[in-house]
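Participant: Those sequence lines, one after another, are chains G and U.
Positions 1 to 112 (our numbering) are the ones given, in order, by the first sequence.
Positions 1 to 115 (our numbering) are the ones given, in order, by the second sequence.
Read the hints as simulated data drawn from the structure, not as lab findings.
Stretches of chain G that chain U covers, calculated by requiring three or more beta carbons in the stretch to come under 8 Å of a beta carbon on chain U:
1. 39-45
2. 95-109
Now the in silico label distances, taken between C-beta atoms and shown as ranges:
3. G/Pro112 with U/Pro39: 25 to 33 Å
4. G/Glu5 with U/Pro39: 15 to 23 Å
5. U/Pro71 with G/Asn97: 18 to 26 Å
A virtual CB, placed ideally from N, CA and C, is assigned to each residue, including glycine.
Residue strings, one per chain:
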Amino acid sequence: QKEVEQNSGPLSVPEGAIASLNCTYSDRGSQSFFWYRQYSGKSPELIMFIYSNGDKEDGRFTAQLNKASQYVSLLIRDSQPSDSATYLCAVARAGNNRKLIWGLGTSLAVNP
Amino acid sequence: SAVISQKPSRDICQRGTSLTIQCQVDSQVTMMFWYRQQPGQSLTLIATANQGSEATYESGFVIDKFPISRPNLTFSTLTVSNMSPEDSSIYLCSVVRAGGNYEQYFGPGTRLTVT
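All chains should be built: construct the whole structure from the sequences, respecting the hints.
Facilitator: The following block contains the structure:
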């Protein structure tokens, strides 16, 4: 079992819909969770991070964390074609020298 | 937020040669990391660049192949030595800002092609 798992996709949604991206992790000691967006040919860009159970909202993005079930999700409301990218989930464990454990990413395509 | 630059942005090199990649940040950071990303793949951590001491390498990466320097809090270099076509990849530096926790911010990357 990989430490951080994501569905590789591609996930295809129509413009204006809600895109739901999921990530599960195996280590219950994980304490910080990150979503990065990566456009083709560009470097990863941090878009959300969450430390506590529940929801965290930032504009059209909502991160949801459920530590009991060991998953973190990213919701993108009113999806736009400019949201088409690969979304990487990353997890930090305590005592890991601030290293992140990365998922393989989910490719999202928003169709006009 | 910190501005991170990398040089060169891309290069084409012959096998057997070495290339040094620079990463410069415009403000002090606590942590600097070097990653490799193969086309269509996720990120693979090469090493943590430690200020004033030897880098900490991940399994599968060794200092002789990927020597790293970090002479101060805002600058680091990664050298890819004795290159082979398998080293063709995108190399990325990332930083954790001073006052930050685990959030990493990435430079624009260096696209390396070895022929």
